[in-house]
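Each protein sequence line maps, in turn, to chains A and B. Once you know that position 288 of the first sequence is 287 in numbering that gives the first Met the number 0, the rest is easy, because the numbers rise by one and skip nothing. Once you know that position 138 of the second sequence is 137 in numbering that gives the first Met the number 0, the rest is easy, because the numbers rise by one and skip nothing.
In short, the hints are calculated from the structure, not lab data. Note that beta-carbon positions come from the ideal geometry of N, C-alpha and C, so glycine has one too. It cannot be assumed that every hint is accurate.
[Said to hold, decoys possible] Subject to a maximum C-alpha distance of 27 Å in a straight line, what follows is the list of computed DSSO-like cross-link-like pairs (lysine-lysine):
| # | chain 1 | residue 1 | chain 2 | residue 2 |
| --- | --- | --- | --- | --- |
| 1 | A | K158 | B | K61 |
| 2 | A | K158 | B | K87 |
| 3 | A | K158 | B | K63 |
[As the list claims (entries may be wrong)] Now the stretches of chain B that chain A is said to cover, found in silico as 3 or more residues with beta-carbon under 8 Å:
| # | stretch |
| --- | --- |
| 4 | 96 to 103 |
| 5 | 123 to 130 |
Single-letter residue listing:
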Amino acid sequence: MTASRESESLAPGCGGLAFWVVGFILLVAMPLLNILPPEDSWLHLSDFSLNRFGKFLAFAILALGLDLIWGYTGILSLGQGVFFGLGAYCMGMHMMLTIGKESVYGSDLPDFMVWNQVKELPLFWKPFYSFPVAVIGAILVPMLFALVFGFFAFRSRIKGVYFAIITQALALAAWLVFNRNDTNLGGTNGLTDFKQVLGYRLSEPDTQRALYVLTVLCLGGAYLLCRWIIRTRAGRVLVAVRDSEQRVTFSGYTPANYKLFVFVVAAALAGLAGMLYAPQVGIITPAQIGVLPSLEMVIWVAVGGRGSLAGAVLGAVSVNYGRSILTNYFPELWPFILGGLFVAVVLLFPDGLIGIMRKVKERIGTGKAAAPSQGKREGG
Amino acid sequence: MKVVDQSSFQKSIIYLDSVTVDYDGFKALNNLTFMVDYKELRVVIGPNGAGKTTLLDVICGKTKPASGRVVFGQDKELVGKQADEIVKLGIGRKFQAPSIYGNLTVWENLDLSLKRKSKGVFPTLLGKSTGEERARIAENLETVGLKDYAHTRAGSLSHGQKQWLEIGMVILLEPSLLLVDEPVAGMTDKETEQTGRLLQSLAEHRAIVVIEHDMDFVRQIARIVTVLHEGTVICEGTVETVQADERVREIYLGRQKVAH
Numbered sequence: 000m001t002a003s004r005e006s007e008s009l010a011p012g013c014g015g016l017a018f019w020v021v022g023f024i025l026l027v028a029m030p031l032l033n034i035l036p037p038e039d040s041w042l043h044l045s046d047f048s049l050n051r052f053g054k055f056l057a058f059a060i061l062a063l064g065l066d067l068i069w070g071y072t073g074i075l076s077l078g079q080g081v082f083f084g085l086g087a088y089c090m091g092m093h094m095m096l097t098i099g100k101e102s103v104y105g106s107d108l109p110d111f112m113v114w115n116q117v118k119e120l121p122l123f124w125k126p127f128y129s130f131p132v133a134v135i136g137a138i139l140v141p142m143l144f145a146l147v148f149g150f151f152a153f154r155s156r157i158k159g160v161y162f163a164i165i166t167q168a169l170a171l172a173a174w175l176v177f178n179r180n181d182t183n184l185g186g187t188n189g190l191t192d193f194k195q196v197l198g199y200r201l202s203e204p205d206t207q208r209a210l211y212v213l214t215v216l217c218l219g220g221a222y223l224l225c226r227w228i229i230r231t232r233a234g235r236v237l238v239a240v241r242d243s244e245q246r247v248t249f250s251g252y253t254p255a256n257y258k259l260f261v262f263v264v265a266a267a268l269a270g271l272a273g274m275l276y277a278p279q280v281g282i283i284t285p286a287q288i289g290v291l292p293s294l295e296m297v298i299w300v301a302v303g304g305r306g307s308l309a310g311a312v313l314g315a316v317s318v319n320y321g322r323s324i325l326t327n328y329f330p331e332l333w334p335f336i337l338g339g340l341f342v343a344v345v346l347l348f349p350d351g352l353i354g355i356m357r358k359v360k361e362r363i364g365t366g367k368a369a370a371p372s373q374g375k376r377e378g379g
Numbered sequence: 000m001k002v003v004d005q006s007s008f009q010k011s012i013i014y015l016d017s018v019t020v021d022y023d024g025f026k027a028l029n030n031l032t033f034m035v036d037y038k039e040l041r042v043v044i045g046p047n048g049a050g051k052t053t054l055l056d057v058i059c060g061k062t063k064p065a066s067g068r069v070v071f072g073q074d075k076e077l078v079g080k081q082a083d084e085i086v087k088l089g090i091g092r093k094f095q096a097p098s099i100y101g102n103l104t105v106w107e108n109l110d111l112s113l114k115r116k117s118k119g120v121f122p123t124l125l126g127k128s129t130g131e132e133r134a135r136i137a138e139n140l141e142t143v144g145l146k147d148y149a150h151t152r153a154g155s156l157s158h159g160q161k162q163w164l165e166i167g168m169v170i171l172l173e174p175s176l177l178l179v180d181e182p183v184a185g186m187t188d189k190e191t192e193q194t195g196r197l198l199q200s201l202a203e204h205r206a207i208v209v210i211e212h213d214m215d216f217v218r219q220i221a222r223i224v225t226v227l228h229e230g231t232v233i234c235e236g237t238v239e240t241v242q243a244d245e246r247v248r249e250i251y252l253g254r255q256k257v258a259h
């Protein structure tokens, strides 16, 4: 009896070769296309494009976490933007404090504090002078927050649409809190005007290129972490919770603990994404962490294909690329396109882009004969 | 009032003492006293709404009784315990509708159910399968007749196969008491017969409580039958005794007449 534990029933399309090919393109080819060809060559990748792509890849890290909790475990969180924001603000606070005398008002305090007539740096800002505190905080703060919030939510057996609603309420609440000037986080304008990180000027293409490479490495690490989790027995418990939570309970597991675990992992990845986003984009405001951005994050995963890690990455990159192109030409149409995309995915392609790619592959594999779709996943 | 014989209480694996379950005034179980011996195969029958499923819910910790005691083995009180604790004590539950993990393979379904020292998040994250565990899963596949389906996605099994898979999953928890809710509903005659044989062979090593509607199936497997009606036991005995009982005929046949 040969029984391989490494069943790929859930993760086709995440093969080892594809990982290394994509990794090579992102990590080596793209930066080289930015450096080597002369600027007028058609091969040249502009600093702007590389930087923009780095932002998409940061989003992809968040999408991986969201896919773990929603795609694999079946828990829809509409509050991932909050964890993203916590990560981004932690990093942003550190970068605000390193502006120093370069600020508009020439004060040691961040500009918005001078503007708001805050005389002294609030206590909770002080640890963020330290870069390690900012980095660790960007991951740990979202994790702790998810741990506390998730503990009460899952212990009270809040699930399904109710969990979606309370996480959306969380996103709204966070948005309101971050918007207030009294919170001392820059209010509506957020944190911006960053100059440097670890002494490297953020305006330098070299710094941005390094941040891009760092983002690729983090994405690779996040992908491997998620892939490891879903291939362990605990990963299969997550899928089991989605398929039949009752059976999981009556098999001696405590589903609430597994949900909490995956919620905290997703929050950590969202925080990491926020941490990488802030220095690359140069601004973080409440508008990026509220209800709408959190919903958009869900759409990335839905479009890419929930329940597939490669799909989550593909979805985050392609939706954001589409957004970046389309908002140039039809800025007011984007919400409608996004909504339409979501409806189309739900109705026509429940397995998203990855599902379409898989089907095409199947067609090619079986020639023109009608492909028996035996391995098809059930939605829901 | 039924007097409980102390000596039989000592032998029982599960003992419900005057249990009442109240759903907003509706008494799903009404002062019910029920007892099953070690390695006994007991069938519970009764019309719809008699409280059969509630009886299993109370034993496995899904429903909390308003009053009464539930004792497992010699002295383990079950009332107030969480479902997963009760599983660890040795009570396995097979639900009426097949509840399996449709997106995992048959093998993975069984692997998750296997009794292990800890089912906490981190031991499960880091745990590796041992050869002994794999052998037990393989043996289990043989028992429930799914040997050729080890790597099939469980969602694509037939209804009957799903029921067997769930029975297999529950057995791997090594329960000393197995609760089975209407296992043959929706099965073909052949599948029903196979299920009967499966349950009989499983009863050699553990006590089983089966809830069933299908009287042919009851005749095939039953040794002792308990008849529930409106939340209480109205009759207990062999199939013949029960069928000869005047009150049972009244409840059952009366109902069936209405149904025709």
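*Which of the listed hints are broken here?*
none
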